[in-house]
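As they're listed, the protein sequences go chains A and B. Residue 220 in my numbering sits at position 220 of the first sequence, with consecutive numbering throughout. Residue 1130 in my numbering sits at position 130 of the second sequence, with consecutive numbering throughout.
Careful: at least some of the hints might be erroneous.
To be verified - Calculated Cβ distances over 12 Å to all of chain B for the following chain A residues:
#, residue
1, D14
2, E35
3, G83
4, R85
5, A88
6, H147
7, A153
8, Q243
As the list claims (entries may be wrong) - For each label pair, taking beta carbons as the anchor points, the in silico distance ranges come out as:
#, chain 1, residue 1, chain 2, residue 2, range
9, A, E91, B, G1169, 27 to 35 Å
10, A, P136, B, A1137, 56 to 64 Å
11, A, G31, B, D1038, 29 to 37 Å
12, B, V1095, A, R43, 36 to 44 Å
13, B, V1128, A, S237, 45 to 53 Å
14, A, Q59, B, G1179, 46 to 54 Å
15, A, V19, B, V1033, 26 to 34 Å
16, B, A1059, A, P111, 52 to 60 Å
Since the hints were made in silico from the structure, they are not lab data. Values in this document were obtained by computation on a predicted structure and should not be read as measured data. A virtual CB, placed ideally from N, CA and C, is assigned to each residue, including glycine.
Single-letter residue listing:
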Amino acid sequence: MSLAVRVIPCLDVDAGRVVKGINFRDLRDAGDPVELASRYSSRGADELIFLDITASSSQRDTMFEVVSRTAAEVFIPLTVGGGVRSVADFELLLRAGADKVGVNTAAVGRPELIAEAAQRFGSQCVVVSVDARRAPAMSSGFEVTTHGGRRGAGMDALTWLAHAAELGAGEILLNSMDADGTENGFDAEMITAARELVSVPLIASGGAGAAADFPLAVAAGADAVLAASVFHFGQVSIDEVKQELAEAGYPVRRVPSTHGH
Amino acid sequence: MAAKPSVVVFDYGFGNVRSCENSLIRAGADATVSSDVDLAGSADGLVVPGVGAFAACMAGLRRAGGDEVVANRISAGQPVLGICVGMQIMFANGVEHGVDTAGLALWSGTVERLAAPVLPHMGWNTVVAPRSSQLFAGATEQRFYFVHSYAVRSWSESSTTRITTAEHGETFVAAVEDGPLWATQFHPEKSGVAGAQLLGNWLAEISK
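Please model the entire structure based on the sequences and the hints provided.
Structure (structure tokens):
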């Protein structure tokens, strides 16, 4: 395989500002999503994900402005998710400059949204995000959760992601709610179970604590690896992750040392 | 000619036109997004973007009068750059979900589903460019960002056409340079510094 394993930082954005500490020195404004996106891009991020966690609907429009400014300055793919409920939401984010749109809770409630968005804009921009946790009552052993992992959906997570792919998801972002925040590594078992069911690209998320965790997610079947806090707090750099991946024999993309402009 | 080449990113409802515009401006073009066929016809360079389904893009392009603009430009030797599905529709036809749709047929070849274990082919891949490539000058060792499930898998060589290939499950056409008509299956506007180098190479070519 020569397609590079994608390393993707995820930024939580609340009312236009990045939340969760970001620990880059020499940043003028550590809360500005555009500056951080640009920084991650120059440090080798292969894609970026903005997760809009804005609770107040009156402030949601700030995300469009953030996306538009990012797209004007950062020339790698940008996925935007969080609170996406309709085809109209897809359209607004894509128009603002997002390349892909992530959908989670709304698709669990109304799966046709996946098909509608894929039909209208193409599967390539529909990322279905699945927050799953271990649940012995489910036949696969994994259950879908919604609302940021706070509610069990009573739905088998693996059945759901296979259905999402059939409906037209171009990519699955699989987040382990058990591993999330533990820094004990990705849930390899869950990734492997998902890999066996779907042939769309799979982004593994949740649990990264050290650079050595990332190749294990790829060995389990992930096409891309996502992390948030370990990158933001400077515990692990994108370069270190790529070094580990390369040493494990996986292709990675090295950013050219020359910076245009 | 003005110092900066004028480029129109043709807006027919498909493709991330803003990203194309932004990256072309960054690469040194006087770029605008427009659906005006006169502007598209007279610019130094025309970019035809495209995402989603082949049939939908072709229908959209025809509705917007883009098929005639492209054909007129090519017969007059005026540069055109197709990106992603904007490249695919330059070929004779595309087959998606069993539906065979005619393309602009500026090149022979059929756009078909790739045989690969994971689709879409999504991410940064390497390419094999011919030594004579002008598009990839200074960037042959770089990776470029692809997002697609369909591609041209067989083609006929010609002495005037430079074909760059890539592999995902099988070998496919990643870029073509053929007189005034150049195209990439990947997204130079999303390929970071490497993509900027390519767009700069195209702008240098159309400024000649």
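Results for each hint:
In this structure D14/A is separated from chain B by more than 12 Å, as the shortest Cβ-Cβ distance comes to about 24 Å. Its beta-carbon lying about 17 Å from the closest one in chain B, E35/A satisfies the requirement of being farther than 12 Å from that chain. The Cβ of G83/A sits about 21 Å from the closest Cβ of chain B, beyond the 12 Å cut-off, so the non-interface label holds. Distance to chain B confirms R85/A as a non-interface residue, since its nearest Cβ pair spans about 21 Å, more than 12 Å.
The Cβ of A88/A lies farther than 12 Å from every Cβ of chain B, with a closest approach of about 16 Å, so its non-interface assignment holds. Chain B leaves H147/A outside its interface by the beta-carbon criterion, the shortest separation being 28 Å against a cut-off of 12 Å. The beta carbon of A153/A sits about 26 Å from the closest Cβ of chain B, which is more than 12 Å, so the claim that it is off the interface holds. Interface exclusion of Q243/A from chain B stands, the closest Cβ pair being 17 Å apart, more than 12 Å.
In this structure the hint that E91/A and G1169/B lie 27 to 35 Å apart at CB holds, the actual value being about 32 Å. Checked against the given bound of 56 to 64 Å, the beta carbons of P136/A and A1137/B, roughly 59 Å apart, stay inside it. Between G31/A and D1038/B the beta carbons are some 45 Å apart, a value that contradicts the proposed interval 29 to 37 Å. Range check, V1095/B to R43/A: about 41 Å between beta-carbon atoms, so the 36 to 44 Å window is met.
The hinted range of 45 to 53 Å is not satisfied by V1128/B and S237/A, whose Cβ atoms lie roughly 31 Å apart. For Q59/A and G1179/B, the hinted distance range of 46 to 54 Å is satisfied, since their beta carbons lie about 51 Å from each other. The hinted range of 26 to 34 Å is satisfied by V19/A and V1033/B, whose Cβ atoms lie roughly 33 Å apart. For the pair A1059/B and P111/A, the supplied restraint of 52 to 60 Å is violated, since their beta-carbon distance comes to about 27 Å.
Hints 11, 13 and 16 from the list above are not met by this structure, while the remaining hints are.
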